[in-house]
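Protein chains: 2
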Amino acid sequence: VDKILIIKIGGNVIDDEAGLSSFLKNFAGIKERKILVHGGGKLATALAEQLGIKQQLLDGRRITDKETLRVVTMVYAGYINKTIVTLLQSSGCNAIGLSGPDGNLITARKREHPTIDYGFAGDIESINAELISSLIRQDFTLVISAITHDRKGQLLNTNADTIAQQIAKALSREYETELIYLFEKPGVLMDANDNTAVIKKINPAYYSHLKEKKIITSGMIPKLDNAFEALGRGVKKVKIGSSDAIKELINGTAGTTIVDDK
Amino acid sequence: VDKILIIKIGGNVIDDEAGLSSFLKNFAGIKERKILVHGGGKLATALAEQLGIKQQLLDGRRITDKETLRVVTMVYAGYINKTIVTLLQSSGCNAIGLSGPDGNLITARKREHPTIDYGFAGDIESINAELISSLIRQDFTLVISAITHDRKGQLLNTNADTIAQQIAKALSREYETELIYLFEKPGVLMDANDNTAVIKKINPAYYSHLKEKKIITSGMIPKLDNAFEALGRGVKKVKIGSSDAIKELINGTAGTTIVDDK
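For the record, the sequence lines run as chains L and P.
Under the numbering used here, think of the first position of the first sequence as 628, with each following residue one higher.
Under the numbering used here, think of the first position of the second sequence as 628, with each following residue one higher.
Isolated chain L, as found in the complex:
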């Protein structure tokens, strides 16, 4: 079975021009098959502010009104996606940038909630694993933005962590999949203020303990929930760490590895 890495980058990598360029050089050099998933970062928020569109966050999720949807589509599917693709191409990596509507790659449905109107936020319905697999066999490196659609002509804003997780799950039928979340810290930390306090391994029992002791903060919980759900559905490994240490994270000498040793 072929191995594939599904790597998700966050705002900290995207927002720093020099850092992004250096990360993408390292990414292009990864020998394994790989997919890059990205969201937006501060650029979308900054653009919305410049345009006088008020931004509302709820539990870390952006309330996506019509104007905000236009902004995130422009920033994620346009500027960031194409900037990443052209930088990868310049490093000899044959990247192709896609969003949910392209070839019906990712479909979602508008989130319904009894009391909160999330606007054009989409929860994933399906991943077109056949299309992804076919493009991988044609030696493309996919760069996927967090913009999805509902098949009825509506674009939707979707959480990039969840997209990465769902892609990893969908591909695990055909590939040995490894899901890698890159963020601003060297891994999951015992002490949020101490970057040397990386937890090397977390299993479900230890995760419960860390949550109980409130060592794991609210921002990490969705990431770790995503990780354990992926492991329960065929994904071989989940790793969390810094984009600066992508090579060490892949070879297992840095970051946090999430394991399901039930």
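Any given hint might turn out to be false.
The list makes no distinction among identical chains, and a pair is therefore deemed to hold if it is satisfied within one copy or across any two copies.
Here are the simulated DSSO-like pairs of lysine-lysine, each with C-alpha atoms no more than 30 Å apart in a straight line [what the hints assert, rightly or not]: (1) LYS737 to LYS693; (2) LYS737 to LYS652; (3) LYS658 to LYS779; (4) LYS779 to LYS652.
Derived by calculation from the structure, the hints in this document are not laboratory data.
Put chain P on the given structure of chain L with help from the hints.
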């Protein structure tokens, strides 16, 4: 030999939400293989103005400074491209939206001029006909934005009319290609103020005559020059007309047909 239509839409189609949606329903219904090429329209100019980025036009070409490049990349490759793709998908057309850097689809070089700095404007160097042809064989309908790249990590803004023409030329080795320019008029007009005065056919001799008599205005000249160059390089037919009459334009009962009857 299979036939393929390369259809370019302009700002008049893109700027009108209802018009775009109705055009795309008609486009999805076209039985022949087809590729859609689009630029930007007024949205990019409006966004640049909102952001306080001064826009300079020279002979109808936008001077693309760094900030303007970011705006056109967001609008063309992001918002417009993905809006078109999701609308086509909702009409049962398996569209995939690409820009120049994707799979190295279109490479360009930054325009050099002895006295004018066009900024990040790109003149086309190569079209990846092999990639286009391969995606066509996989039954995708390509939607291509006017953003290209230089293979060295730089995105560039490129004229969409020229992209459509170069794609038609590049595909004419393998397909019977027809190039269709859609704009706000029913065709090339004898009198710019009379929409019934459509010129049915223009050949090179007649074109010279029309230019001499100043019947053809400056905006039409690059389009017609593009058309004749395409005909000289293997493209079978070039048609110019209104997006409302796409079906009639294809079956030859509306618009202007450009022919090279040397």
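> Within a copy, between copies, both or neither: where do LYS737 and LYS652 come within 30 Å Cα-Cα?
Replying inline: Result: close only across copies, 23 Å inter versus 36 Å intra.
> Which holds for LYS737 with LYS693 at a C-alpha limit of 30 Å: within a copy, between copies, both or neither?
Replying inline: Cα proximity of LYS737 and LYS693: one copy only (13 Å, versus 35 Å across).
> Given a CA cutoff of 30 Å, do LYS658 and LYS779 count as a within-copy pair, a between-copy pair, both, or neither?
Replying inline: between (38 Å within a copy, 21 Å between copies)
> Can you tell me if LYS779 and LYS652 fall within 30 Å by alpha carbon in one copy, between copies, both or neither?
Replying inline: between (38 Å within a copy, 13 Å between copies)
Every hint from the earlier list agrees with this structure, and none is contradicted.
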